[in-house]
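Enquirer: Let the hints inform the model, and build the full structure from the sequences given.
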Amino acid sequence: GENVEQHPSTLSVQEGDSAVIKCTYSDSASNYFPWYKQELGKRPQLIIDIRSNVGEKKDQRIAVTLNKTAKHFSLHITETQPEDSAVYFCAAIPSGGYQKVTFGIGTKLQVIP
Amino acid sequence: NAGVTQTPKFQVLKTGQSMTLQCAQDMNHEYMSWYRQDPGMGLRLIHYSVGAGITDQGEVPNGYNVSRSTTEDFPLRLLSAAPSQTSVYFCASSFQTSGIETQYFGPGTRLLVL
Chain Z
1347 GENVEQHPST LSVQEGDSAV IKCTYSDSAS NYFPWYKQEL GKRPQLIIDI RSNVGEKKDQ
1407 RIAVTLNKTA KHFSLHITET QPEDSAVYFC AAIPSGGYQK VTFGIGTKLQ VIP
Chain S
400 NAGVTQTPKF QVLKTGQSMT LQCAQDMNHE YMSWYRQDPG MGLRLIHYSV GAGITDQGEV
460 PNGYNVSRST TEDFPLRLLS AAPSQTSVYF CASSFQTSGI ETQYFGPGTR LLVL
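Residue numbers (the working numbering), protein chains in the order written: chain Z, 1347 to 1459; chain S, 400 to 513.
These aren't lab readings, by the way, just hints derived from the structure by calculation.
All C-beta atoms, glycine included, are put in the ideal place defined by N, C-alpha and C.
Among the hints, a few may not be true.
Residues of chain Z placed beyond 10 Å of chain S at every Cβ, according to the derived structure [stated by the list, open to error]: (1) HIS1353; (2) GLY1362; (3) LYS1368; (4) PRO1380; (5) GLN1391; (6) LEU1392; (7) ASP1395; (8) VAL1400; (9) ASP1405; (10) GLN1406; (11) ASN1413; (12) ASP1430; (13) GLN1445; (14) PRO1459.
Below, a list of computed lysine-lysine pairs in the BS3-like style, where the Cα atoms sit at most 25 Å apart [as the list claims (entries may be wrong)]: (15) Z/LYS1417 <-> Z/LYS1368; (16) Z/LYS1388 <-> Z/LYS1414; (17) S/LYS408 <-> Z/LYS1383; (18) Z/LYS1454 <-> Z/LYS1388; (19) Z/LYS1388 <-> Z/LYS1368; (20) Z/LYS1388 <-> Z/LYS1417; (21) Z/LYS1446 <-> Z/LYS1403; (22) Z/LYS1454 <-> S/LYS413; (23) S/LYS413 <-> Z/LYS1383.
A short list of chain Z residues far from chain S (calculated; beta carbon distances all over 10 Å) [said to hold, decoys possible]: (24) GLN1352; (25) ASP1373; (26) GLU1402; (27) LYS1404; (28) ALA1416; (29) HIS1418; (30) GLU1425; (31) PRO1428.
Expert: In structure tokens, the structure reads:
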């Protein structure tokens, strides 16, 4: 089955700096890669996603890149703000859908004012 | 739209007790699923449903039952609670007829089994 590794497990950055979280996956059949943000005690919420036919996607301060050859995808947050502090999860999903989803273990991001 | 709702928010059970976690969505989503979230392990799929009357097992189904009698509701039943089932449970749904659509999560149920 699919295996998703997420690094780092914790990340501290100064406000205004960039943060990068990386995930690697093992199953070449995975073709959809969402990123979720989960604030303390709240539900996971989709912040950005990318499909395997796209190499990069950007939404304001958030971007995701995908390298299918190396089987890794990364979340980039620029100009970080204290409200970006949360746990971020990546996931890999094959064409079979969410029935076969595999999540990363999460990265706790702390933005220091 | 209320989106995905879950009840209760918190529950304490004794070992061996049974209970049902409720999940409902008002978005006419075909696909619904249950996850558990444990520290250091990410989200793991328990059971899922691709439509009313159709359910199947996910990665960690043991000790749990589900049913899907309507499009809106997808309850999760713990048959005989064990301390290993202490976790946070999330229900999720997506409008999935073909391809992959955005998945929406409920607010979660925090369960403690003593």
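Enquirer: Now, for every hint given, state plainly whether the structure supports it.
Expert: Here is how each hint holds up against the structure:
no.	hint	result
1	HIS1353	holds, 13 Å
2	GLY1362	holds, 29 Å
3	LYS1368	holds, 15 Å
4	PRO1380	violated, 7 Å
5	GLN1391	violated, 7 Å
6	LEU1392	violated, 6 Å
7	ASP1395	violated, 8 Å
8	VAL1400	holds, 14 Å
9	ASP1405	holds, 13 Å
10	GLN1406	holds, 18 Å
11	ASN1413	holds, 20 Å
12	ASP1430	holds, 19 Å
13	GLN1445	violated, 6 Å
14	PRO1459	holds, 26 Å
15	Z/LYS1417 <-> Z/LYS1368	holds, 11 Å
16	Z/LYS1388 <-> Z/LYS1414	violated, 32 Å
17	S/LYS408 <-> Z/LYS1383	holds, 20 Å
18	Z/LYS1454 <-> Z/LYS1388	holds, 14 Å
19	Z/LYS1388 <-> Z/LYS1368	holds, 23 Å
20	Z/LYS1388 <-> Z/LYS1417	violated, 30 Å
21	Z/LYS1446 <-> Z/LYS1403	holds, 23 Å
22	Z/LYS1454 <-> S/LYS413	violated, 32 Å
23	S/LYS413 <-> Z/LYS1383	violated, 32 Å
24	GLN1352	violated, 8 Å
25	ASP1373	holds, 14 Å
26	GLU1402	holds, 19 Å
27	LYS1404	holds, 18 Å
28	ALA1416	holds, 21 Å
29	HIS1418	holds, 17 Å
30	GLU1425	holds, 25 Å
31	PRO1428	holds, 23 Å
Figure legend: structure checked against the earlier numbered hints; hints not met, in rising order: 4, 5, 6, 7, 13, 16, 20, 22, 23 and 24.
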